[in-house]
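**Student:** Place chains B and C on chain A using the hints.
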Amino acid sequence: MRKLEFLIRRLLTSFLVLIGVSIITFALARIVPSNPAALYIGPRARPEDIERVSRELGLDKPITVQYIRYMKDVLHGDLGNSIATKRPVRQEISGRFPATLELLFTAMLLAVVIGVPLGVISAQWQGKWVDVIVRTSSIFGVSMPAFWLGLLVQIIFFRSLGWLPLSGRVDSDLRFTNPIEIITNFYLLDTILTHNWIAFKDVALHLVLPAFTLAAYPIGLIARMTRAAMIEVMGQDYIRSARAYGLPNRLIIYALALKNAIGPTLTVIGLTVAYSLTGAFFVEVIYNWPGLGLFTVHSLLNIDYPAIMGITLFGATGYIFINLIVDILQAWIDPRISLN
Amino acid sequence: MTMPLLQVQHLHMEFKTSRGTLRALNDVTFDVQPGEIFGIVGETGCGKTVTGLSILGLLPQSATITQGRILFDGNDLLKYSSKEMRKVRGAQIAMIFQDPTTSLNPVFTLGKQLSWVIREHFGISEKEARLRISQMFESVGLPDVERIMRSYPHQLSGGMQQRVMIALALACQPKLLIADEPTTSLDVTIQAQILALLKELCNRFGISIILITHNLGVIAKTCDRLAVLYAGRVVESGPTRDVFKNPQHPYTNGLMRAIPKPSRHGERMEVIPGTVPLNSGDVVGCAFAPRCKFTMERCRQETPTLEAVGYDHYAACFLREENRVG
Amino acid sequence: MAIESKTISLEVPVHGESPLKQMLGIIARDPLSLLSTVIIILFILMAIFAYQIAPYPEEGAGKTHATNTMLVPSQEHWLGTDRFGRDVLSRVIVGSRSALIVPIGVVVFAILIGAPLGAIAGYNGGWIDEVIMRVTDLFLAFPFLLLAMAITAALGRGLNHAALAMIISWWPWYTRLVRGVTISLKQRAFVEAARAVGVRDSVIILRHILPNIISPILVQATVDLGTVILAMGGLAFIGLGTQPPKPDWGLMISDGRSYILKQWWLSTFPGLAIFIVVLAFNLIGDTLRDIFDPRQYQ
Numbered sequence: 000m001r002k003l004e005f006l007i008r009r010l011l012t013s014f015l016v017l018i019g020v021s022i023i024t025f026a027l028a029r030i031v032p033s034n035p036a037a038l039y040i041g042p043r044a045r046p047e048d049i050e051r052v053s054r055e056l057g058l059d060k061p062i063t064v065q066y067i068r069y070m071k072d073v074l075h076g077d078l079g080n081s082i083a084t085k086r087p088v089r090q091e092i093s094g095r096f097p098a099t100l101e102l103l104f105t106a107m108l109l110a111v112v113i114g115v116p117l118g119v120i121s122a123q124w125q126g127k128w129v130d131v132i133v134r135t136s137s138i139f140g141v142s143m144p145a146f147w148l149g150l151l152v153q154i155i156f157f158r159s160l161g162w163l164p165l166s167g168r169v170d171s172d173l174r175f176t177n178p179i180e181i182i183t184n185f186y187l188l189d190t191i192l193t194h195n196w197i198a199f200k201d202v203a204l205h206l207v208l209p210a211f212t213l214a215a216y217p218i219g220l221i222a223r224m225t226r227a228a229m230i231e232v233m234g235q236d237y238i239r240s241a242r243a244y245g246l247p248n249r250l251i252i253y254a255l256a257l258k259n260a261i262g263p264t265l266t267v268i269g270l271t272v273a274y275s276l277t278g279a280f281f282v283e284v285i286y287n288w289p290g291l292g293l294f295t296v297h298s299l300l301n302i303d304y305p306a307i308m309g310i311t312l313f314g315a316t317g318y319i320f321i322n323l324i325v326d327i328l329q330a331w332i333d334p335r336i337s338l339n
Numbered sequence: 000m001t002m003p004l005l006q007v008q009h010l011h012m013e014f015k016t017s018r019g020t021l022r023a024l025n026d027v028t029f030d031v032q033p034g035e036i037f038g039i040v041g042e043t044g045c046g047k048t049v050t051g052l053s054i055l056g057l058l059p060q061s062a063t064i065t066q067g068r069i070l071f072d073g074n075d076l077l078k079y080s081s082k083e084m085r086k087v088r089g090a091q092i093a094m095i096f097q098d099p100t101t102s103l104n105p106v107f108t109l110g111k112q113l114s115w116v117i118r119e120h121f122g123i124s125e126k127e128a129r130l131r132i133s134q135m136f137e138s139v140g141l142p143d144v145e146r147i148m149r150s151y152p153h154q155l156s157g158g159m160q161q162r163v164m165i166a167l168a169l170a171c172q173p174k175l176l177i178a179d180e181p182t183t184s185l186d187v188t189i190q191a192q193i194l195a196l197l198k199e200l201c202n203r204f205g206i207s208i209i210l211i212t213h214n215l216g217v218i219a220k221t222c223d224r225l226a227v228l229y230a231g232r233v234v235e236s237g238p239t240r241d242v243f244k245n246p247q248h249p250y251t252n253g254l255m256r257a258i259p260k261p262s263r264h265g266e267r268m269e270v271i272p273g274t275v276p277l278n279s280g281d282v283v284g285c286a287f288a289p290r291c292k293f294t295m296e297r298c299r300q301e302t303p304t305l306e307a308v309g310y311d312h313y314a315a316c317f318l319r320e321e322n323r324v325g
Numbered sequence: 000m001a002i003e004s005k006t007i008s009l010e011v012p013v014h015g016e017s018p019l020k021q022m023l024g025i026i027a028r029d030p031l032s033l034l035s036t037v038i039i040i041l042f043i044l045m046a047i048f049a050y051q052i053a054p055y056p057e058e059g060a061g062k063t064h065a066t067n068t069m070l071v072p073s074q075e076h077w078l079g080t081d082r083f084g085r086d087v088l089s090r091v092i093v094g095s096r097s098a099l100i101v102p103i104g105v106v107v108f109a110i111l112i113g114a115p116l117g118a119i120a121g122y123n124g125g126w127i128d129e130v131i132m133r134v135t136d137l138f139l140a141f142p143f144l145l146l147a148m149a150i151t152a153a154l155g156r157g158l159n160h161a162a163l164a165m166i167i168s169w170w171p172w173y174t175r176l177v178r179g180v181t182i183s184l185k186q187r188a189f190v191e192a193a194r195a196v197g198v199r200d201s202v203i204i205l206r207h208i209l210p211n212i213i214s215p216i217l218v219q220a221t222v223d224l225g226t227v228i229l230a231m232g233g234l235a236f237i238g239l240g241t242q243p244p245k246p247d248w249g250l251m252i253s254d255g256r257s258y259i260l261k262q263w264w265l266s267t268f269p270g271l272a273i274f275i276v277v278l279a280f281n282l283i284g285d286t287l288r289d290i291f292d293p294r295q296y297q
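Residue numbers (numbering that gives the first Met the number 0), protein chains in the order written: chain A, 0 to 339; chain B, 0 to 325; chain C, 0 to 297.
If you're looking for bench data, these hints aren't it; they were derived computationally from the structure. Source: prediction; values computed, not measured. Hints are supplied without guarantee of correctness; some may be wrong.
Claimed, not checked - Pairs of lysine-lysine residues, derived as PhoX-like cross-links and limited to a Cα-Cα distance of at most 20 Å, are as follows:
#1 B/220 <-> B/198
#2 B/111 <-> B/126
#3 B/198 <-> B/86
#4 B/111 <-> A/258
#5 C/62 <-> C/261
#6 B/15 <-> A/127
Unchecked claim - Listed next, the stretches of chain A that the computed footprint assigns to chain B, with coverage defined by at least 3 CB atoms under 8 Å from CB atoms of chain B:
#7 230-237
#8 325-335
Using N, Cα and C, we set each Cβ at its ideal position, and we do this for glycine too.
Chain A on its own, in the form it takes in the complex (with noise of 0.2 Å):
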């Protein structure tokens, strides 16, 4: 079954890469210039008190031993205690990513839903004003910082056109009119699961300027990525002989030729899940968004090393389970990619 040993090795070859990312992490918090005992206590720590915490967190004991340690806290689940909050990362983590995944899924959402045909329609008419529209916008989206395109559209749909909020999750009044019955910690899920449909209305238009603004690079990046392979495989001989054949235009470019040009296509959404990662800290910086990445921002800014690790093994361990499935998929679409 070379399916399944395809999946096995790259399983296992996942699995190491794991283990060297955790490596990198924990150097990451043991170059830290200042000592994490003293950081850890606060500003005014006595001696004494450093000496205890060092104890405490195994900074006196050998960087393998520190390392084993770490690693065998992280395996069970503990990455630590936030030095700001001085409650466990995995909370600070589990209880943000919800709002965070919520903003992300939106936004690749759109991503896919519109890039994909932006890049079919721009290579079916190539070198046509469709092809020129399409081919300027995504160089336009892919160019345009989310920091500063955030901020354009809060001065046009909020301050100019007053269409849409300005920021947050939900508007603070919801609370006490129609509060939010938490499931899933997915707004837009819980609303539509307890029928809650002024609240839904509320967290739908309170999504729609940060999703667009997370998702204008990756629209851009998968609409170009599309048409480029959409235009090599319209050339492949296997397309020429579907036109001899007789097939129509219509079939020929959705059905058999996006199939082809759909595992470039996966490539590029995978590296955009990552990016977008990074990309929604600072939407969510923009909008207030009370997700990961203002805890991420003030973690970094605070040296909050526990954080910060846990933050950097939580996103890596994301890319590479995002890589993971893409691969998979890509394997399952085209049969002769477990050969080799």
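**Tutor:** Here is chains B and C on its own, set in the frame of chain A:
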């Protein structure tokens, strides 16, 4: 002679490139009778493939047909709309290409690819399509229909893939099959099998086949009539036997000498020195003149046209005329 | 039949025009790329002569001016002034040093580290290749901006540390690219021939491999510069990069953020500067990539 199935008349075709216009076909004329195998032969770059693509209306966007007619069953295909042309492709005229490994879509099973074509042209159900496919597979000599239908192209050998291509092309019972170097990418024993298969299909279903190849040996074994193409022009055409017995154009002669013969084992195979001019639009006089052993003054100034040299046998060369005069 | 091929092989320049000349030729023939190049050159000149061009050079560097705060764009202050009364135009001009020149330096250093490693890995193969590529894979396993952020935070915020962090997280891309090109070149006839007749490795690398690596690297670098500028702008935006009172486009956007509804000019103009520069790089990159695509080696 009966009414020809296909008549290509005075076809001129050009490519627009970044370096200007490139004349690819120059006054190409030939006809194909019902139920015959017609060979088109020539070196790489002499316009064989684009002739085939012109008939199917599959030329790239940079190409334009500037003159000529392509009559199929008496109707000019060049006047067809793209929608009408699509109805012709597959159902009336089908084409198979040189490399079966790149001509089948790698990400779909063969069954899927076949059923699309059949359902498109016959509008029948998936189940009926499957039935027809298995009949098709049997007629091209593919065993184990179910397994092949579930396979992806890369899981089959080149010869099997080419059989699938042929099955695909025949699925809609076209009247004409254009086979562009169908055996070039296959090894020798498989080549013979595929040629035999084409011949058998021609006899069994009465379809006409245009066999495009650079190998005159293949033509000798397979074709009833042939046309020799050089630099976008037909330089000689006629019944295979006559042309082989009595080649009238030095180029045909050269190609014949280039066929490896088992009887002359160990002898050096002759090659024609030089290459085909890329742009036949630039050429003054006979395009073959620079490579010809018998070039005369006249060959560099005038372009010879096809003249009858025997029954249904034509050649475009001054040599015969001069010999007769001299 | 010769249906013109759009992709010129990357190996063509071996004995023909120099790759740089070829690229310049391509850019010169495309009006949009030409315009983009002119814009980038103007921005670079602006960065070099920032203090000569800026109407209020001291304010550009950070000097405050308590009486002129939050002035709308006018004849005196074309792009207005900020909450410390500093001329926004001057700060945009001076800010180009950290927002544009530093990213260019980051890419250059990333190439200087990544490219030789890639050439060594690709040329030698074996365990050296294995070691280098596995390390590369590790770095590429992180979402790159997240890694850059974490490294900057660990080193301590500031422009130099941000730049260093960017180099550390960016070099592996060039290792991967150059390794791919080197491997494909190694299999080419002229390199194999040179090896067969016993030409020294160093000579082969300098004479046959290096000239052919240059164009894919240059194309990739052009494509990457937009991304690196955006990333460094992002680092500055969240406060990890350039520290006040020094100017930086990303930092200025962040500073102006609280005032966008009234003093829109504070964030708008530095953002526009980033956008224009990145757009220019992407337009050139897009044209170059159409002609020779470095991705074919990855």
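**Student:** Against each hint, give a clear statement of whether it holds in the structure.
**Tutor:** Quick rundown of the hints versus the structure:
no.: 1; hint: B/220 <-> B/198; verdict: 10 Å, holds
no.: 2; hint: B/111 <-> B/126; verdict: 12 Å, holds
no.: 3; hint: B/198 <-> B/86; verdict: 26 Å, violated
no.: 4; hint: B/111 <-> A/258; verdict: 13 Å, holds
no.: 5; hint: C/62 <-> C/261; verdict: 23 Å, violated
no.: 6; hint: B/15 <-> A/127; verdict: 17 Å, holds
no.: 7; hint: 230-237; verdict: holds (count 3)
no.: 8; hint: 325-335; verdict: holds (count 4)
The structure fails to meet hints 3, 5 from the earlier list, while all remaining hints are met.
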